[in-house]
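*Asks:* Construct all of the structure, not just a fragment, from the sequences and the given hints.
Number of protein chains: 2
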Amino acid sequence: MPEAERTQSYITELRRGSLVLAALGALRKPHYGYALLQVLQDKGIAIEANTLYPLLRRLESQGLLTSRWDTSETRPHKFYCISDNGKSVMTSLLDEWDKMSDQIAAICKEETP
Amino acid sequence: MPEAERTQSYITELRRGSLVLAALGALRKPHYGYALLQVLQDKGIAIEANTLYPLLRRLESQGLLTSRWDTSETRPHKFYCISDNGKSVMTSLLDEWDKMSDQIAAICKEETP
Numbered sequence: 025m026p027e028a029e030r031t032q033s034y035i036t037e038l039r040r041g042s043l044v045l046a047a048l049g050a051l052r053k054p055h056y057g058y059a060l061l062q063v064l065q066d067k068g069i070a071i072e073a074n075t076l077y078p079l080l081r082r083l084e085s086q087g088l089l090t091s092r093w094d095t096s097e098t099r100p101h102k103f104y105c106i107s108d109n110g111k112s113v114m115t116s117l118l119d120e121w122d123k124m125s126d127q128i129a130a131i132c133k134e135e136t137p
Numbered sequence: 025m026p027e028a029e030r031t032q033s034y035i036t037e038l039r040r041g042s043l044v045l046a047a048l049g050a051l052r053k054p055h056y057g058y059a060l061l062q063v064l065q066d067k068g069i070a071i072e073a074n075t076l077y078p079l080l081r082r083l084e085s086q087g088l089l090t091s092r093w094d095t096s097e098t099r100p101h102k103f104y105c106i107s108d109n110g111k112s113v114m115t116s117l118l119d120e121w122d123k124m125s126d127q128i129a130a131i132c133k134e135e136t137p
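Residue numbers (the numbering used here), protein chains in the order written: chain V, 25 to 137; chain C, 25 to 137.
If you are wondering where the hints come from, they were derived from the structure by calculation, not from laboratory data. There could be a bad hint or two in this list.
It does not matter which identical chain is used: a pair holds within one copy or between any two.
[What the hints assert, rightly or not] The calculated DSSO-like cross-link candidates involving lysine-lysine, where the alpha carbons are at most 30 Å apart (straight line), are: (1) 102 x 133; (2) 53 x 102; (3) 133 x 53; (4) 123 x 133; (5) 67 x 53; (6) 111 x 53; (7) 102 x 67.
*Replies:* Have a look at this one:
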């Protein structure tokens with residue numbers, strides 16, 4: 025595998041775990057799938073529809089999101105919003121994220137003797 | 025799946041991607057496998073030997089680590105150290121990490137309207 029491609033695959037691995045956290049965080053405000061995609065992309069999270077949509081369905085089936093259909097427009101949209109369970113998972117993941125950031129900084133940024 | 029177990033599985037997913045970064049960072053100084061495990065655990069990275077050792081072999085086979093045998097002790101130890109390629113991947117991953125941290129903070133910590 026060429027060097028750049030390998031680096032990219034590690035970056036993808038690094039980002040993967042944070043997608044749930046990003047989706048939960050963004051859905052503290054209700055969004056339908058495509059709008060959420062735009063919100064995440066605007067914040068620099070380059071996630072694809074075919075990754076995000078199954079993730080939303082999974083999070084809903086796990087009770088971390090709620091959903092409702094908005095049929096007031098010509099085309100109905102399914103709006104997702106974080107649930108109370110989702111908020112509690114998000115809080116745990118954010119705590120973990122902060123801990124990891126400190127650990128990574130301690131390991132990778134300290135001077136080597 | 026019970027709630028606590030689900031949260032734990034997301035935490036594991038979150039941590040998984042950062043293990044390569046942590047291992048590369050810690051191996052700016054040479055360590056053999058078990059000593060590296062201790063270093064990481066001391067820093068709060070709860071990685072198991074049966075996750076770390078295959079990871080080290082993979083990173084070496086990809087040219088991100090170098091290794092040498094130290095046979096001066098009764099039991100020979102294989103010491104790993106980050107390579108120049110590994111340093112360049114580590115720098116890219118660290119940049120990405122910092123970007124992700126800013127994005128996660130922007131998405132999950134900002135006030136919802």
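*Asks:* Each hint needs a verdict: does it hold in this structure or not?
*Replies:* Going down the list of hints, with the structure as the test:
1. In this assembly of identical chains, the alpha carbons of residue 102 and residue 133 lie at most 30 Å apart only when taken from different copies (25 Å versus 44 Å within one copy).
2. For a Cα distance limit of 30 Å, the shortest separation of residue 53 from residue 102 inside one copy, 13 Å, qualifies, whereas the shortest one across copies, 52 Å, does not.
3. Taking the shortest alpha-carbon separations for residue 133 and residue 53, only the inter-copy value of 12 Å comes in at or below 30 Å, while the best intra-copy value is 35 Å.
4. Taking identical chains as interchangeable, the C-alpha atoms of residue 123 and residue 133 lie at most 30 Å apart whether they share a chain (15 Å) or sit on different chains (15 Å).
5. Taking the closest pair of Cα atoms, residue 67 and residue 53 come within 30 Å of each other only inside a single copy of the chain (15 Å); across copies the shortest separation is 36 Å, beyond that limit.
6. Taking identical chains as interchangeable, the C-alpha atoms of residue 111 and residue 53 lie at most 30 Å apart only when both belong to the same chain, with a minimum of 12 Å there against 40 Å between chains.
7. Taking identical chains as interchangeable, the C-alpha atoms of residue 102 and residue 67 lie at most 30 Å apart only when both belong to the same chain, with a minimum of 22 Å there against 43 Å between chains.
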